[in-house]
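2 protein chains.
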Amino acid sequence: MAVGLGPLPTLHPVAGFELGIASAGIKRPGRKDVVVMRCAEGSRVAAVTTTNAFCAAPVLVTRERVQGDVRYLLTNTGNANAGTGAEGLANARRTCAALAGLTGVPETAILPFSTGVIGEPLPVEKIESALQAALDDLAPEHWAEAATGIMTTDTLPKGASRQFRHAGETITVTGISKGAGMIRPNMATMLGYIATDAKVARDVLQNLVLDAANKSFNRITIDGDTSTNDCCLLIATGQTNLAEITEASGELYTQLRQAVFEVCMEVAQAIVRDGEGATKFVTVQVNGGGNHQECLDVGYAVAHSPLIKTALFASDPNWGRILAAVGYAGVPDLDVSKIDVFLGDVCIASQGGRAASYTEAQGAAVMQQEEISIRIELGRGTCSETIWTTDLSHEYVRINAEYRS
Amino acid sequence: MAVGLGPLPTLHPVAGFELGIASAGIKRPGRKDVVVMRCAEGSRVAAVTTTNAFCAAPVLVTRERVQGDVRYLLTNTGNANAGTGAEGLANARRTCAALAGLTGVPETAILPFSTGVIGEPLPVEKIESALQAALDDLAPEHWAEAATGIMTTDTLPKGASRQFRHAGETITVTGISKGAGMIRPNMATMLGYIATDAKVARDVLQNLVLDAANKSFNRITIDGDTSTNDCCLLIATGQTNLAEITEASGELYTQLRQAVFEVCMEVAQAIVRDGEGATKFVTVQVNGGGNHQECLDVGYAVAHSPLIKTALFASDPNWGRILAAVGYAGVPDLDVSKIDVFLGDVCIASQGGRAASYTEAQGAAVMQQEEISIRIELGRGTCSETIWTTDLSHEYVRINAEYRS
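Those sequence lines, one after another, are chains A and B. To convert, take the position in the first sequence, counting from 1, and add 748; that gives our numbering. To convert, take the position in the second sequence, counting from 1, and add 748; that gives our numbering.
Keep in mind that the hints were calculated from the coordinates and are not lab data. Bear in mind the structure is a predicted one, so any value in this text is a computation, not a measurement. Where is the CB? At the ideal position from N, CA and C, for every residue including glycine. Take these hints with a grain of salt, some might be off.
Stated by the list, open to error - Here are the computed distance ranges between Cβ atoms for each label pair:
1) 1129/A <-> 845/B: 36 to 42 angstroms
2) 1078/B <-> 837/A: 20 to 26 angstroms
3) 962/A <-> 911/B: 57 to 63 angstroms
4) 1104/B <-> 790/A: 54 to 60 angstroms
5) 1040/B <-> 856/A: 40 to 46 angstroms
6) 1129/A <-> 811/B: 27 to 33 angstroms
7) 838/A <-> 1132/B: 48 to 54 angstroms
8) 955/A <-> 1078/B: 23 to 29 angstroms
9) 845/A <-> 799/B: 28 to 34 angstroms
10) 1040/B <-> 959/A: 55 to 61 angstroms
11) 799/B <-> 917/A: 54 to 60 angstroms
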């Protein structure tokens, strides 16, 4: 059902970063559900994590450790280790300790990540038993396998890669992500791992991931549910021969920033394209806002309205539902007579009512497309925000009613 | 699909209030889609109306006129006359003017109400042509017919009635409502008409309807979409021989207040029971909040989560999704270790994790029921709020994808 999402593009290896996958049989025997990633010594890692108050045990452990020396990322699918209390926290530490024992690094150099069903005890022994196989599988070329290994209800793996040249060196940024439901990131995202071989100052790395996540992962929504396990990591292995990148690095900084942003955006949008039951990829753009928050309020009201999402599924240009959502978004003193709404390039509503030029046939033609843009002009100011979302289909209900996730 | 909603109960006539219905063929030939209600001279009317910034033309007209002498309420279904701009406003006035011409009352004594598809021009001539038939049909006994006449995607008519005795007099409160989708009232509701034969001071009447709507209509949600046309009216015809009721009327005031509240609650909950595609009637109770707003924030986060709603549809006791929704409701400094969650009488989560005593079989037994209560104890204070909602089923998607509403 994924909308406009094809096979993985070429994912360039990142020097100093290796990936290995194995099967622990957490949900199904034989399924690849454990991914280990190794960062070269001296790597720096920055993270943004979920704002959900019920954040999962591995998120708590990752937050503790990410500022230190990080050598391994340990991810399991099939179990989120969330809502599991003190036992969950102990279990997250136990899996890290097991990996520390096999690799000889300190336990605190290992960050745990879990995704899957909430509230079940983490099957620690199963995960431990798969660690050696994952280590044996480590290779810089295994990005695609890892992208598959972190999938849950995803139907396709998600990844993106950029390279740019600077002073005779090639710098690579490669990332993968997973997520298809419980998607409304909030200062963070499902799981995203982006690595670069650049050497990047720690504060710059943190700013890069915050900024890129904010414009990409934090602007997508499928069902409005913010996960307990969202994490987005940016790893800099520092394996190039260039000097450390700071905000004073000029063009090099700008190039890296752009490459990180593009990789984040591509894998974030891939999550929407593969949204549970998605048949449409929908861009909601809100312009002319008095501030960014009111643009986001309007955008999310539209992006979360079940009535609009079912109309999108039905390819029904039901613009009245869009107006209604704009109207209840909570924008203070909204003057509806200044609002224009566009479906693709077609002006469907103008000055708060149906546009005089609009015909149902025009709207229907846009709605038939797989990729649809809804543009709302508020006429109040100069701020803009863009959000990406999906429709609401029978398949979404089937997936979430039939499967425990 | 309505959950626990049977045939209409006895709807006692209210002296001084008559109802008549007719067919204007707005959406389908022969369908009863015009309802006229007549209030006796001297009646007082109080209203709460939608907070949607895109409120419909008839709502604007009703707001202008409701403080004056009101003699007729004119309702059509099949067309909401919303998003219709200046022409819509003129059309709402035209239908009122036509009814004024037939009845000899001033145009301003007529309140218009419309419900149905947003953004289509109101078919004024069709409505005008049905007015005389509706007037000919006026009778105090026609509550049930009117309850059917105001339906759109509703599968069953909704009404409630209470009588109480005071000083040898019988006082009646009878009400009807419509609504099944685009339901998240906000200081108002879909359409609700509640009439009493009591004589009530104007400010008391306004407070009664505000208070009753706030505790009933404003605590239900089906899809989180606030309609452009929500209106709830309380009409007091003053036909009893009792003195005018004020807040100083003691027991009589208390009895009336209770009767109005009970009628509002019964017809508001009926809307949820008949929610589009509903297979479950769900009560979300949030206790122990530090203030009412945080209780509502948690309640609505749970009530609007598509993941929880699909789990309810599937009768899956997926308590992790409930914890996740509580966690992203935005309550500041939420201490998850103090939170308990109950499904019916079963404690499913305690201190932020799965309750030690909980078994999946217990949860599954509760979820099999048609009427399910979710109780969340925040452990932060003494405030409580209760919200009523439905599950999210295939049928909801089908209704809203297949039909233009």
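Inset, instruction - Starting from the hint list further up, note which numbers the structure goes against and sort them upward. - result: 4, 7, 9 and 10
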